[in-house]
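K.L.:
Each protein sequence line maps, in turn, to chains A and B. Residue 296 in full-length UniProt numbering sits at position 296 of the first sequence, with consecutive numbering throughout. Residue 41 in full-length UniProt numbering sits at position 41 of the second sequence, with consecutive numbering throughout.
Hints are computed from structural coordinates only; laboratory data are not their basis. A virtual CB, placed ideally from N, CA and C, is assigned to each residue, including glycine. Heads up, some of the hints might be wrong.
Covered by chain B, per the in silico footprint, the following chain A stretches (three or more residues, Cβ under 8 angstroms) [what the hints assert, rightly or not]:
no., region
1, 83–90
2, 97–110
Computed list of lysine-lysine pairs in DSS-like fashion (alpha-carbon distance at most 27 angstroms, straight line) [stated by the list, open to error]:
no., chain 1, residue 1, chain 2, residue 2
3, B, Lys194, A, Lys119
4, A, Lys139, B, Lys194
5, B, Lys194, A, Lys115
6, A, Lys162, A, Lys119
7, B, Lys194, A, Lys162
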Amino acid sequence: MTVPFLKIEQLAQRFPSPDRGGEPLTVFENVSFGIEKGEFVCIIGHSGCGKSTIMNVLAGLAEPTEGVVVMDGQEVKGPSLERGVVFQNYSLLPWLSALRNVTFAVQARHPDWPKDKVKAHSYRFLELVGLTGGAERRKPSQLSGGMRQRVSIARAFAIEPKLLLLDEPFGALDALTRGSIQDELLRIWRGSGLTVFMITHDVDEALYLADRVLLMTNGPYARVAESVEVGIPRPRSRDQIVEHPNYYKARNHLVHFLARRSKELAGREHATASGQPETVRFADPGDDSPGGEGADPSQPALRAVNQ
Amino acid sequence: MQTFNGLSLGIRSVIVSIAILLVTLGVWELSISSGGASAELTEYELLTGGGAPKAGVPPPSEVFVKAWEQLSDPFYDAGPNDKGIGIQIGHSLYRVLAGYFLAAAIAIPLGFLIGMSPLMYRALDPFIQIMKPISPLAWMPLALFVIQDSQASAIFVIFICSIWPMLINTAFGVAGVRQDWVNVARTHELGTFKTAFTVILPAAAPTILTGMRISIGIAWLVIVAAEMLVGGTGIGYYVWNEWNNLDLTSVIFSIIMIGLVGMVLDAVFGLVQRQVQYSE
Ligand SMILES: Nc1ncnc2c1ncn2[C@@H]1O[C@H](COP(=O)(O)OP(=O)(O)OP(=O)(O)O)[C@@H](O)[C@H]1O
Ligand SMILES: [Mg+2]
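Just chain A, with the same shape it has in the complex (with noise of 0.2 angstroms):
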């Protein structure tokens, strides 16, 4: 086995609780995962089961309790521009325009730019967003939510990263904005070689956007219980992909993890020592075997499918 491009090891994180006569929160324990180059992954767990403070580590924002992570053959021990961050609430910063929080980040990344090549390279990335003709110079308090999301896209692709992190990017947008910005992220993602690892709230996001989806348990003591291939083939189409067979195993294993199993397989006793996640795949069209074990039709969706 080769190894993966983003490698995370044995992960704990615990917080000091004061309030539990000293004894610490365990947010999560013994996460273990890898990443392919080029990958598009997404995570999934119930809120508070501590996928923001993986991805923070994943950043170098947080140092772990235990365990490592490793990108390209180094240990992450720190933030890095090779890591380009979108946080759940955009972090534009309010005092400076769209470009010119774009800009902020390009000169970050290349200090002995020239300014109107800085600004060149800015305003090519706010255009692959779709934010130009005056929109640019408008402060964040005068975008809207998607427009927002936008300018912290580009940001975050304009200092050209190896690895993408996004926090619930779409959460707080509605569903005909995150739809159109999901298939910009997609387009620009094709083909960049860019690695993309996005916290999503959103079963059928995950499904529309990821190669592989890892299931987190509930916390305290959390962990990345499976780890979901999709297997429906790119490009992807929103009416084509309910179409393929894939689509709804997925769906329901998915939907199914999260209202019963999440709590189920949560706490210690659970957990393997390797600590890697049980991978799920789907039998290929056609064949009846059983591939998604567990999946009840009957299950209510957690989210409407957003179109």
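Chain B with the ligands: place on chain A using the hints.
P.N.:
Positioned in the frame of chain A, the structure of chain B with the ligands alone reads:
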């Protein structure tokens, strides 16, 4: 009435302001000219051994004449006790700005360090809390004794009174910068100085400017009292001197000038504040 209500709020408020001004001036003018010189001595005049012919409160018309006279030649200099209002205000402004910018030069960098370090924030808090409520004038004897110079002592008093709001607001603003923005700086591998200047400073600027605006207001309040104590020059000394001359017309005129200069100072800082303001 109908047409009045049809006007914009801005115009209506100006009309009402002018009306209040005219009524006040009218009542003032009438009450003094009818009371006249033959009025009995007030208790205050008795207490101050008054009853001198010039001791009555002048009507606004006299103040206007005085203002015209003074403002048409604000920079005349006829000896230590007779200088134009412009020169006096100039002296006061010099002291205020010198003390103020000295304070800013120390308070803002220090406030930055305090705000960035939770340890220093807590450690210095008791000292700041004790120093803050001390009337700046209480420092005056100590300042005169140590510095041995009245001009520098006045500047020191301004320094000490304007430092606290700037220090506290800077520390508060810096400590309250959203962790998200600091994380943006970190993910872009900005160094400490770059982070301080490109992220923390603009983020905390509105709070810092609020502190600076409070400070300049306090400094201008304090300079009048300080100059009454140290004497020599300045608008505070001028008020006190004219009171000793029992020239109440000049006293009222200078009171109005103090108000106007204070208003201009505040407006300038208000303008700067608006430049650095941002909405999330
Ligand atoms: N700095 C911290 N100190 C103490 N506890 C923390 C800290 N940061 C996070 N936690 C705890 O860790 C747990 C996981 O938080 P995290 O933000 O990672 O959840 P999440 O999976 O991202 O949730 P959501 O989907 O709602 O964003 C929570 O119980 C939270 O209270
Ligand atoms: Mg989160």
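K.L.:
Take the C-alpha atoms of Lys194/B and Lys115/A, compute the straight-line distance between them, and say whether it is at most 27 angstroms.
P.N.:
Roughly 17 angstroms between the alpha carbons, so the hint for Lys194/B and Lys115/A holds.
K.L.:
Is the hinted pair Lys139/A and Lys194/B satisfied, with a Cα-Cα distance of at most 27 angstroms?
P.N.:
Since the Cα atoms of Lys139/A and Lys194/B sit roughly 21 angstroms apart, the hinted pair holds (cutoff 27 angstroms).
K.L.:
Report holds or violated for chain B covering the region 97–110 of chain A, Cβ cut-off 8 angstroms, minimum 3 residues.
P.N.:
It holds: at least three residues are needed, and the region 97–110 of chain A offers 4 whose Cβ sits within less than 8 angstroms of chain B.
K.L.:
So if I understand the rule, the pair passes when the alpha-carbon distance is 27 angstroms or less; does Lys162/A with Lys119/A pass?
P.N.:
holds (22 angstroms)
K.L.:
For a C-alpha distance cap of 27 angstroms, please report whether Lys194/B and Lys119/A respect it.
P.N.:
holds (20 angstroms)
K.L.:
When I compare C-beta atoms, does the region 83–90 of chain A have three or more residues closer than 8 angstroms to chain B?
P.N.:
n = 5 at 8 angstroms, threshold three: holds.
K.L.:
Check the hint pairing Lys194/B with Lys162/A against an upper bound of 27 angstroms on the C-alpha distance.
P.N.:
Holds. Lys194/B to Lys162/A sits at ~24 angstroms (cutoff 27 angstroms).
In summary, this structure violates none of the numbered hints.
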